[in-house]
Every structure is written in C-alpha cells, then in structure tokens.
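Sequence order for the protein chains is A and B. One rule links them: number in the working numbering = place in the first sequence (from 1) + 1. One rule links them: number in the working numbering = place in the second sequence (from 1) + 326.
No wet-lab data here; the hints were simulated from the structure. It is possible that some hints are incorrect.
As the list claims (entries may be wrong) - From the derived model, a few chain B residues whose C-beta atoms are all more than 10 Å from chain A:
id	residue
1	I512
2	S624
3	E627
4	L682
Unchecked claim - With a straight-line cut-off of 25 Å between C-alpha atoms, the simulated DSS-like cross-links for lysine-lysine are:
id	chain 1	residue 1	chain 2	residue 2
5	A	K111	A	K46
6	A	K66	A	K424
7	A	K317	A	K344
8	A	K111	B	K406
9	A	K344	A	K424
10	A	K317	A	K306
11	A	K306	A	K402
12	A	K66	A	K46
13	A	K344	B	K452
14	B	K458	A	K106
15	A	K344	A	K66
16	B	K332	A	K111
17	A	K306	B	K458
18	A	K106	B	K406
19	A	K46	A	K424
20	A	K106	A	K317
21	A	K424	A	K111
22	A	K403	A	K66
Predicted, not measured: the structure shown is a model, and the values here were computed from it. Ideal placement from N, C-alpha and C gives every residue a C-beta, glycine not left out.
Single-letter residue listing:
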Amino acid sequence: MIRLIARKEFTEMLRDKRFHWAAGIVLLLLLVALLTGGRHHRDVKRQHDLAQAETREQWLRQPAKNPHSAAHYGIYAFKPKMLPAMLDRGIDPYVGQSVWLEAHKQNEFKHRPAQDLTAVQRFGELTAATVLQLLIPLLIILLSFSAFVGEREQGTWRQLLSVGVSRTDLALGKALGITGALGVLLVPATIIGVIALALTADQQLLLRSLPRLTGMLLSYLAYFGVFIGISLAVSARARTSSMSLVVLLAFWILNGLIAPRAVADIARHLYPTPSAFEFQQTLDREMRSGPDGHQTTDQRTAALKARVLKQYGVEKIEALPINFAGLSLQESEEHGNVVFDRKYGGLWERFGLQNRLKQLGAVVAPMLAVQSLSMGLAGTDFAHHRDFATAAEAYRRMLVKKMNDDLTYQAVNQDFTYLAPPKLWQTVEEFQYTAPSTTWALRSQAVSLSLLLLWCVSTFAAAIWTAQRSRNEG
Amino acid sequence: MDRIMKTLGIILQHEWRSLIADRTLWIVTPLFALLIGYGIYNGSTWVHFQQTTLAAARAEEGTRFARAQEEIAALEQGGKPASAFSNPRLPAVAAGRSGTRYALLPPGPLASLSVGQSDLYPYYFKVSSQSKQTFAYNDEVENPTNLLAGRFDLAFVILYLYPLLILALCYNLLSAEREQGTLQMILSQPVSLRQFVLGKIGLRALVVLFLTLGFSIAGFLLGEVEILAEGGWIRMLLWVGIVGGYGAFWFALAIIVNAIGRSSATNATALAALWLLFVLLIPSTLSVGVSALYPVPSRVEMVQATRRATAEATARASQLLSKYLEDHPELTAGGQTDPNDFAIRTLAIQEETERLVQPVLDHFDQQTLGQQALVDRFRFLSPAIVTQAALNEVAGTSLSRYRHFLSLVDQFHREWRAFFTPLVVRRVSLQANDYSRFPAFQFQEEPIDSVIRRVLTGILGMLFPTLLVGWCGFRALRRYSLAS
Numbered sequence: 002m003i004r005l006i007a008r009k010e011f012t013e014m015l016r017d018k019r020f021h022w023a024a025g026i027v028l029l030l031l032l033v034a035l036l037t038g039g040r041h042h043r044d045v046k047r048q049h050d051l052a053q054a055e056t057r058e059q060w061l062r063q064p065a066k067n068p069h070s071a072a073h074y075g076i077y078a079f080k081p082k083m084l085p086a087m088l089d090r091g092i093d094p095y096v097g098q099s100v101w102l103e104a105h106k107q108n109e110f111k112h113r114p115a116q117d118l119t120a121v122q123r124f125g126e127l128t129a130a131t132v133l134q135l136l137i138p139l140l141i142i143l144l145s146f147s148a149f150v151g152e153r154e155q156g157t158w159r160q161l162l163s164v165g166v167s168r169t170d171l172a173l174g175k176a177l178g179i180t181g182a183l184g185v186l187l188v189p190a191t192i193i194g195v196i197a198l199a200l201t202a203d204q205q206l207l208l209r210s211l212p213r214l215t216g217m218l219l220s221y222l223a224y225f226g227v228f229i230g231i232s233l234a235v236s237a238r239a240r241t242s243s244m245s246l247v248v249l250l251a252f253w254i255l256n257g258l259i260a261p262r263a264v265a266d267i268a269r270h271l272y273p274t275p276s277a278f279e280f281q282q283t284l285d286r287e288m289r290s291g292p293d294g295h296q297t298t299d300q301r302t303a304a305l306k307a308r309v310l311k312q313y314g315v316e317k318i319e320a321l322p323i324n325f326a327g328l329s330l331q332e333s334e335e336h337g338n339v340v341f342d343r344k345y346g347g348l349w350e351r352f353g354l355q356n357r358l359k360q361l362g363a364v365v366a367p368m369l370a371v372q373s374l375s376m377g378l379a380g381t382d383f384a385h386h387r388d389f390a391t392a393a394e395a396y397r398r399m400l401v402k403k404m405n406d407d408l409t410y411q412a413v414n415q416d417f418t419y420l421a422p423p424k425l426w427q428t429v430e431e432f433q434y435t436a437p438s439t440t441w442a443l444r445s446q447a448v449s450l451s452l453l454l455l456w457c458v459s460t461f462a463a464a465i466w467t468a469q470r471s472r473n474e475g
Numbered sequence: 327m328d329r330i331m332k333t334l335g336i337i338l339q340h341e342w343r344s345l346i347a348d349r350t351l352w353i354v355t356p357l358f359a360l361l362i363g364y365g366i367y368n369g370s371t372w373v374h375f376q377q378t379t380l381a382a383a384r385a386e387e388g389t390r391f392a393r394a395q396e397e398i399a400a401l402e403q404g405g406k407p408a409s410a411f412s413n414p415r416l417p418a419v420a421a422g423r424s425g426t427r428y429a430l431l432p433p434g435p436l437a438s439l440s441v442g443q444s445d446l447y448p449y450y451f452k453v454s455s456q457s458k459q460t461f462a463y464n465d466e467v468e469n470p471t472n473l474l475a476g477r478f479d480l481a482f483v484i485l486y487l488y489p490l491l492i493l494a495l496c497y498n499l500l501s502a503e504r505e506q507g508t509l510q511m512i513l514s515q516p517v518s519l520r521q522f523v524l525g526k527i528g529l530r531a532l533v534v535l536f537l538t539l540g541f542s543i544a545g546f547l548l549g550e551v552e553i554l555a556e557g558g559w560i561r562m563l564l565w566v567g568i569v570g571g572y573g574a575f576w577f578a579l580a581i582i583v584n585a586i587g588r589s590s591a592t593n594a595t596a597l598a599a600l601w602l603l604f605v606l607l608i609p610s611t612l613s614v615g616v617s618a619l620y621p622v623p624s625r626v627e628m629v630q631a632t633r634r635a636t637a638e639a640t641a642r643a644s645q646l647l648s649k650y651l652e653d654h655p656e657l658t659a660g661g662q663t664d665p666n667d668f669a670i671r672t673l674a675i676q677e678e679t680e681r682l683v684q685p686v687l688d689h690f691d692q693q694t695l696g697q698q699a700l701v702d703r704f705r706f707l708s709p710a711i712v713t714q715a716a717l718n719e720v721a722g723t724s725l726s727r728y729r730h731f732l733s734l735v736d737q738f739h740r741e742w743r744a745f746f747t748p749l750v751v752r753r754v755s756l757q758a759n760d761y762s763r764f765p766a767f768q769f770q771e772e773p774i775d776s777v778i779r780r781v782l783t784g785i786l787g788m789l790f791p792t793l794l795v796g797w798c799g800f801r802a803l804r805r806y807s808l809a810s
C-alpha cells in the first residue's frame, strides 16, 4: 500500500510543471555552485601549496646570520584546504588565511578574503552548502505543503479513507513519494559531484576524505528528512493549503534567515569578547610585567642570572660556558608562551562558547545544526581553524627555541656578531600539518548531531501522529 | 466626483476594519516591533563598541605623549635614557613608537542602523613612519562564525523581512475576495473594480507608508542618530526615500501578481519565488559572477611578494642607502649624517620595499574597484542590492566611505613621513614641546553631494521598475476575470 501511494505521489510530482521548473533551477544552481566551488578550491589550494613551498625555500636560503635575526625573519604558515571544503566554505572567507611565525610574538591570522569582496557577498555566497541548507528545504515545502490539506480540499481525503487506507500508510507513502522526487534531483547531482571530484582531486585525497563526505551526505539527508516531516505534519494540521504554505514559509524564514543572525548576536551579548585594542593592550601589559603584575622584565632577568650563575658555579656572566643572551631570550619566550596560551586560549574559549550556543540554537532552527555539522566535516569551522593555529604556534615555538639554543650553546663569548652557518636552517624541520580525523571533527559537533537526530525523530513522529489525528473536513 | 470620493472612503473604512479584525495583524505588529527593536539595539551596540575603542585609543595616545614628554624633561635635567633604542628625543623613535598618532574613523551619523561592511574593516590605524603594511591590517577581534552569520541590524529587517510583511498584506488582495465570493457581491453595488482595487491598495499603501516612517523614525530615535551632525537631516531623508522606494517595489509586484488573477495559494507561491529571486538568488549569483570576472589576486601572493621585496631590499641595503641619500640631497645638507645610522638605513629599506610591493597593491586596488564598478552596474537587477548599497551609503558603512578614509590615512602617512624624515636624517634631538607639534589626523566626512548622487541613482533605479510593474498591474486589472 505504501509503495502504491508513494508511486502515485512520485508520478504526480514528476508530471507537475512547477516541480520541473523549481527542480531545474535548484539543480542548475547546485551545479554552478559545485563548479565554482571546485574551481575556487583548486586555485586556493595551488596558491597555498606554492606559497608554503616558497616560504620554506626562503627560510633555507638564508645566508649565514645570527640565529636570532633568523628567528625574526621567521616563516609563514598558510592554511591548507581540505577536499570537502569545496562544498562548504564555512568561515574561511571571514578568517585570515596566513600567519607569520616569528620571534617574540604569536601573531594573528591576517587577510580575511571577505575584506576584498563587495557588500553583495553579505547576501550569502552561492555554494553547495547554501543550496542544500536553504533552497532544497524550500523545494521540499513546495512539494509537500498540500500533501494532506490538498486531498481534503479536493474531496479525495474521505474517498481514500473509505477504501480503508490507513493514515499512517498515507503519511509514509507521501513521505516516500517526496523523497523519490527529491532523489530525481539529488542522485544525479551527487553522481556528477562525485565524478567531478574523482576527475579533479587525486585518488588518495579523495579516499581519505570519504568519511567526511559521507558524513556530510548523511547530515544533509537527515536535514531533508526533518523538512519532509515538518511539511507533512503542518499539511495534516492546516485548514487550507495556503495556510499550510504560509506556516511552512514562516518556519523556513525563521530557520534559515532569522535564527542564524539572531543567535549570533545573542551569543555576542552573552559571551562578549574584548576589542582588538583592549586585547593587545592587556597582552602587552602581561608581557611586560608578568601575569601576576609584579615581576618586571628586569626582575625576571636578574632572577635568571642568579640562577644560572649558581648552576654553573661562576661569579660573572663572562665566565659562563654558555651565551647568556640566548638563554635570556629563550626565558622571555617561555614567559611569552604562558601569556599567549592564556590570552589566546581565553579568547578562543569564548569563541567556542559562542559557537556552542549557536549549536544549541538548533533547538529552534535545525539549520544551525546542519550548518555546524557541515562546516565541521568540511574542515571549515572554527574548531579546525583553532587546531591549525595551535599547530602553527607549536611550530613557531620549536623554531624559535632551536634558534635560541644555537645562540646559547654555539655563540659562547660572542655577542650578536655571531653568525650561524646556513646548515642550521636545515635542522628546522618543514612545517607539516595533518588535518584532524573525522571522529575528532564530530566530537565538537555532539550537540548539533544529537539535536539533528532529535529533530529527525520528532518530526517523523509528528508527521505520523498528526496524520492519524488529522481532521476530515477542511 | 464627490460620490466617488465617498465610495472610496467607505471602501477604505471597510478595509481598515477588516484589517484590524484580522488576527494576523495583531501577531505580526508586535513581532515586527520586537525585530526592529532588536535590530537597532544590535546596531547601537556595535557603534558603542567602536566608540569605546576609539576613546581608548585616544587615551592611550595621550598618556604615551605625556610619558614621552616627561621622559624628555628628565633627560634634559641630565638623566640617562633607559635604552638608546627607546630614547624619545630621537626622531626615529618618536616617528615609529613613542609619538605615533592614531587615524580614527568615527562611525557615521546613521551607523547604528546598518552595520554594512564596517564589521570587516579596521576603523583605526596607529600611523607610524614604518610601511603601511605594518599597521594597515589590525582587524577587529571577532568570532568568524559570527561574521559569517552577519549582523541582525535594522538593514537586515528592512532588506529581508519588510518585503515579506508587504507581501503578506497584499498577496490575496483580490484573490481572497473572489475565493470567498464577496467580490461579485461588491461589484453588484455601484462601484467599479478599479475603484474597489484603488481603495484596497490605497489603504495598504497607507499602511506601508506608515511602516516606512515607523521603521525610519524608530531607527532614528532608538539608534541615537545625531540629527544635528553635518548632513544628518539629508541622510535621514534619503533613508526614508530608500525604504519607501523599496516598499513600493514590492507593493507593485503584489499588485501585478494579483491582477494576473490566480488563486491565493498560487499568488503566495509566486510572490515567495520572486522574493527568493530578488533577495537571495540574484545577489548570490552576482557575487559569484563578479568574483569570476574580476578575481581579486590572492592575499597569499601579496604576502609572498612583500617578503620577496623585503628580502631584496635588505640585501641591497648599503647600495640603497647611498642611492637614497643621492636621491634626497636636501636631507644631508647642513647636518652631518652617519651612514651607519640604523634609522636611516631602515628608511631606505622601507622606501625600496614599498616601491617593489606597490604594483601588487595597485593590482589589488584595481580588481576591487573593478568588482565594485560591476556590482554598481548590475545592482539594478535586484532592488535588494540597490537598497543594501544605498542603506550602507547613507549609514556610512559602505566601501566608498571606507576608501575615502583610507585615502585620508594615506595622505596622513605621507605627511607624517615628510615631517620626520628630515629630522631623522639630520639627527635632530627633540624637545618636549616638539611632541605637540607632530601632525595629527583629522577625519573629514566625504562630501555629502557624492553620497546624495549615489543614493539618488539607486532610488531612481528602483523607481523605474516599480512604476513599470505598477502600470502593467493596473493595465492587467482591466482584463481581471471574476470567475476563478
């Protein structure tokens, strides 16, 4: 019975001209989005790979120079892109793409791509994620707003019931029919997407991103399921089909337009972050005076001096078998690292809290859940950015320490006139960043994942429940 | 004539009664009041945030200057500087650290109404004698996930939700009457269809007008708009004009869809589709098209170009220095310059680096300008883009005002260097009161004429399609059929 109903719904939809138009436009937009997304991804990846190789070359080609000035010269780290990022650019346009790793300072990521674009971008970018998160739900609404209420309006509802069709069967059949119609659109799009991926990306990379891509696919399917469930439930309850449409459209607007912005602003109010100015000022202050505020740089240096002299059992710095300047530089690095960890750590915790609130917002708007999941799996959410920033910072610390150690142990009794041989640059390994695993990505998505599942189950139940209790008259 | 006016009055009255008898109005009105209030609150919070930051910057500059002057006074009494590299009497130290000044961009008079692009651009720079790259990228701290979502400001409510309100009021203007069978009854009375439509539309036009004014006045009052600020009145008038024009467009669209004469559900679907087209699809497609036609070169490339240039300039430092002094003979005249002076060497390197990087930066500029020009031309494809651009323009959160600020900063940076370079090269020792003579940045609002011109072009660009659509709608009404 369910199959029969599903087939009837499916055939009816496929014959509907409105469906042709709507599905055609959505498919076209999806393909354009996939194409531009793929091209953009390829360009950015190539630039970053080239730049990363060049910055390494520049580091290696340094002439003999003082290790500390090499540490000042430093190196750049460019954020790599994962393959699934071509489907969902996430926060990438709004976050700096490169960071300068140099002595003394943990720098911010600079150059947000969005700064170089016009205000039109704020209407939203045409990416596969936008099409999947906003347009397909709209298509679902158009397909199903009149599923039940339409039967009532046409007077076919009573007929159906009179032949003994169960309401649950009707609900399931209709849901299946809509899914089938959606499949006509999504299956070819997915196949085209996979073929395009297989042709452009190298096989290894594709294979490695398979779990993430599958995860994205499943999240979106669950999200579409939510919309099918809601549409059927509303359609079963509504008095007229135009009422059903209005209610569903209102939900769509709340879900896709109002909630993301409203929740972002609420998060900002609840967990305020300092201005860049304030952040820099407190950072500078703590760098100078220590986190507790009563140990100045001079005092720290004096303490270090006393400790080192005692350790080597000598009276004067000149008598030390090491270079004190190098040791002192490293000491101030260590102090800075503690300050950076606390300041940046604190700031990023705040961002994390804001983002968690946004995930919780999925209680009202399922899009917030799927958006967060999609970005997380595409590797374009804040958690991934933070992971990369942390790796880059660890590399910076390693590099600077290596330079300071060389100064400490090789430049004995020489001042800043000491020149390290170029082979020192070789001893600093190349910066290698491995993207975190899929399970890691999902761990920060626990809230989104459970809320999306909850939505899925409850809307499914709601659709069946309302179908069973739906009125017989309009 | 009198009789016609009277009928119109009756229709208006009746429409008003049925409108306020409708439950939806009582749900929608407080909801919108809430959304507007929340939007303005968010906008104001952002403006306050910026103002606090600007005040903190000003205060920091003040204390820094006072400290430098005190230190100089102590040095004049025969004290010793803490370090040769931080002696505030050295012009190089003053120009690069102890005496640097802020270039501040104050929020525009209507900034709290539209955040626009202002959350992406740095709004203050600590201008020093160093190259622009060292101070030009001080982005505001912000959770990128929030930037992605965008701000919930009044402009958002106007761009996205205001059209929906109008469409909700008007989508079943005639179709509902026909579906309920009341249209035929009414037309059996001595009233023509056009009169009846005019009455119905008239009332809704009044409601929309009221909403427009309500939106704007609420914005001006709650958003703490400085009415007395220069150009404040004009900006407010322009704001009302844009919001009215945008509303009129959606209104005209609703009329033509009603005049075509389908069912209420079809009307609602068609209008929702048009809304989607104008507010989401055209803008995001345009955005893709613009970046495909004028791809902005990657900043990654710029970072690398700067680094190459710095390396090159440093490698050639000593040659540069002699060439620099050759090029600027006026600088060496009189004073005795030490060719090993670190500061002078730095100046030479900086100048060379900037010369080498300039083409890359110019390319950026060209592409961004190209993108903007393209957007300006194609914005008329969607009134939503026109309105967004115009609202940002009036609020002072547009790219053009920001570019104006940047050009002032550029000018100030040149002025700053021109002031200090001779002092550095001549190794002048600064006095305490020299600090108060350092150049200071003064922001000048861009001329209001150019704002008016750009905004009026937008309003006219919206008016034309509105009139066209409205006229077609009225023509179509002639053929309106009473049977569904």
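The hints, checked one at a time:
no.	hint	verdict
1	I512	holds, 21 Å
2	S624	violated, 5 Å
3	E627	violated, 7 Å
4	L682	holds, 15 Å
5	A:K111 <-> A:K46	holds, 17 Å
6	A:K66 <-> A:K424	holds, 11 Å
7	A:K317 <-> A:K344	violated, 37 Å
8	A:K111 <-> B:K406	violated, 39 Å
9	A:K344 <-> A:K424	violated, 35 Å
10	A:K317 <-> A:K306	holds, 9 Å
11	A:K306 <-> A:K402	holds, 19 Å
12	A:K66 <-> A:K46	violated, 33 Å
13	A:K344 <-> B:K452	holds, 22 Å
14	B:K458 <-> A:K106	holds, 20 Å
15	A:K344 <-> A:K66	violated, 32 Å
16	B:K332 <-> A:K111	violated, 67 Å
17	A:K306 <-> B:K458	violated, 39 Å
18	A:K106 <-> B:K406	violated, 29 Å
19	A:K46 <-> A:K424	violated, 30 Å
20	A:K106 <-> A:K317	violated, 31 Å
21	A:K424 <-> A:K111	violated, 31 Å
22	A:K403 <-> A:K66	holds, 14 Å
Checked against the numbered hints given earlier, this structure breaks hints 2, 3, 7, 8, 9, 12, 15, 16, 17, 18, 19, 20, 21; the rest are met.
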